[in-house]
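Peer 1: Order-wise, the sequence lines are chains A and B. So in UniProt numbering, the last one in the first sequence is 246, and the numbering has no gaps at all. So in UniProt numbering, the last one in the second sequence is 240, and the numbering has no gaps at all.
Hints were generated in silico from the structure; no laboratory data involved. Virtual Cβ for every residue (Gly too), placed ideally from N, Cα, C. Among the hints, a few may not be true.
Pairwise CB distance ranges (calculated) [as the list claims (entries may be wrong)]:
hint: 1; chain 1: A; residue 1: Gly143; chain 2: B; residue 2: Thr103; range: 20 to 30 Å
hint: 2; chain 1: A; residue 1: Gly143; chain 2: B; residue 2: Gly178; range: 24 to 34 Å
hint: 3; chain 1: B; residue 1: Val208; chain 2: A; residue 2: Pro89; range: 50 to 60 Å
hint: 4; chain 1: A; residue 1: Arg85; chain 2: B; residue 2: Ala69; range: 32 to 42 Å
hint: 5; chain 1: A; residue 1: Arg160; chain 2: B; residue 2: Gln204; range: 44 to 54 Å
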Amino acid sequence: MRGRDILAAVLLALALWQAAVTLTGAPHFILPSPLRVMQAAWASRVLIAQNAWVTGIEVLLGLILGTVLGAATAIGLALSKRAERLMLPLLVFSQAVPVFALAPLLTLWFGYGMGSKIVMTVLIIFFPVTSAFHDGLRRAAPGYHDLAATMGASRWRFMRHIAIPQALPALGTGLRLAAVYAPIGAVIGEWVGASRGLGYLMLLANGRAKIDLMFAALIVLACLTVALHLGVGKLADRLSRYAHGD
Amino acid sequence: MTPPPGITLAGDYALGGAPLFRANLHLRAGEWTCLLGRSGTGKTTILRLLLGLPTGGHFAGQIAATDGASLQNRVSYMAQSDLLLPWLNVLDNVCIGARLRGTIPDRARAAELLRRVGLSGAAHHMPRQLSGGMRQRAALARTLCEDRPVVLLDEPFSALDAGTRADMQDLAAQALAGRTVLLVTHDPAEAARLAHQIVLLSPQGTAVWPTAPQSPPRAIDAPDTIASQSRLLAHLRCAA
Chain A
1 MRGRDILAAV LLALALWQAA VTLTGAPHFI LPSPLRVMQA AWASRVLIAQ
51 NAWVTGIEVL LGLILGTVLG AATAIGLALS KRAERLMLPL LVFSQAVPVF
101 ALAPLLTLWF GYGMGSKIVM TVLIIFFPVT SAFHDGLRRA APGYHDLAAT
151 MGASRWRFMR HIAIPQALPA LGTGLRLAAV YAPIGAVIGE WVGASRGLGY
201 LMLLANGRAK IDLMFAALIV LACLTVALHL GVGKLADRLS RYAHGD
Chain B
1 MTPPPGITLA GDYALGGAPL FRANLHLRAG EWTCLLGRSG TGKTTILRLL
51 LGLPTGGHFA GQIAATDGAS LQNRVSYMAQ SDLLLPWLNV LDNVCIGARL
101 RGTIPDRARA AELLRRVGLS GAAHHMPRQL SGGMRQRAAL ARTLCEDRPV
151 VLLDEPFSAL DAGTRADMQD LAAQALAGRT VLLVTHDPAE AARLAHQIVL
201 LSPQGTAVWP TAPQSPPRAI DAPDTIASQS RLLAHLRCAA
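If we strip away everything but chain A, and leave its shape as in the complex, we get:
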């Protein structure tokens, strides 16, 4: 996507939004105009920045921790057939529990601070990262297994020198998904119980009928998600290029 295309898409969205406001004649406390939202954003810029910082940190730490845990689990599963047999059904079953339903429990266990939001983010991205990377690790070309076996490689060294580098593009695919899910985890955590963060700010603004501020926080959250998606996309591209020797 080129910068010009992004700018055109943003202008189109703003035009549609403005058209909806004008055509429906909705009052500003139901659907504020883009200009009103921008004014609210500017007026509350410090408040929004402070809360965006909190959400950004939660998302980033959750993403890093979830990736490390997910990648380590995938490697563990690929190294041990027994662990794979025991853990894989458990992992798939864990997906039947909606993570959102756990949010109140997590708040109870980890408190109203950042901890519960980071855990929520980790939980929401753990499965896509583990699943994608594990799939990549299992798909190492059979020829490499043969070569490594004749060279006297241990299971771990095969994993380290061949399977992991070869599976980096698959890890990149998991990371791309994680980048989309991670902000959802943090914001849901903030909705359930928090005193800081963009999710908290949105609830607060909604409760006080400051819909323009709520929209402003929502737009900042969307920008944060897009920035994260682009950043992680670049990282995933690098992993892929490395694995292909480009």
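Using the hints provided, position chain B relative to the given structure of chain A.
Peer 2: What follows is chain B alone, placed relative to chain A:
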């Protein structure tokens, strides 16, 4: 490198309960044996049995070296696909065996082997920058770097163009001289050029086929090589 042993593989192989072949194969010490046969007769299975790799079937018989020692850690392998790791440069690919065993790679020796196969200028290139022939040269250098007395080759030159293939055959014959080599191939011309001994594999069993009197590698255009190749091809076509 320890002195190359001769190797005997004798027994019956069955796949899913159905017999596939009966083999009585003797690889002579320090010589090239070429194993020919039609697709599906079990050539690659024999190679995998010698390598100690899983085959999916059951082998009842014995695999033994003439010196009585185990074959473990004395056999290296080169496949049709070069199996170069795309994320490592050529030099690091040549050293991969040491890394996989957790020992320190001898990079100076690897560089010398690359020079020997004519790739000294490409040591720091990535595999994707190399032609098919250059990639197989790098794979040969990696095989040599293992410095094993027994080398098993599974159609390593079959994907190359005719000219490059002939060059690679000369290079491999020279570089692997003195080792016990088993070359699995579909190509009668390749067997006629490179083999000290030709063995044909069919469902009926293994049979030794006479070679031309000259020592390998034989000239492609030598009358004896051409005659040997023609007879071999005719026999393989009749056996179909």
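Peer 1: Work down the list of hints and note, for each, if the structure agrees.
Peer 2: Results of checking the hints against the structure:
1. A/Gly143 / B/Thr103: 20 to 30 Å: Since A/Gly143 and B/Thr103 have Cβ atoms about 23 Å apart, the given range 20 to 30 Å holds.
2. A/Gly143 / B/Gly178: 24 to 34 Å: 27 Å, holds
3. B/Val208 / A/Pro89: 50 to 60 Å: 54 Å, holds
4. A/Arg85 / B/Ala69: 32 to 42 Å: For B/Ala69 against A/Arg85, whose Cβ atoms are near 37 Å apart, the range 32 to 42 Å holds.
5. A/Arg160 / B/Gln204: 44 to 54 Å: 46 Å, holds
Every hint, counting from the list given before, is met by this structure.
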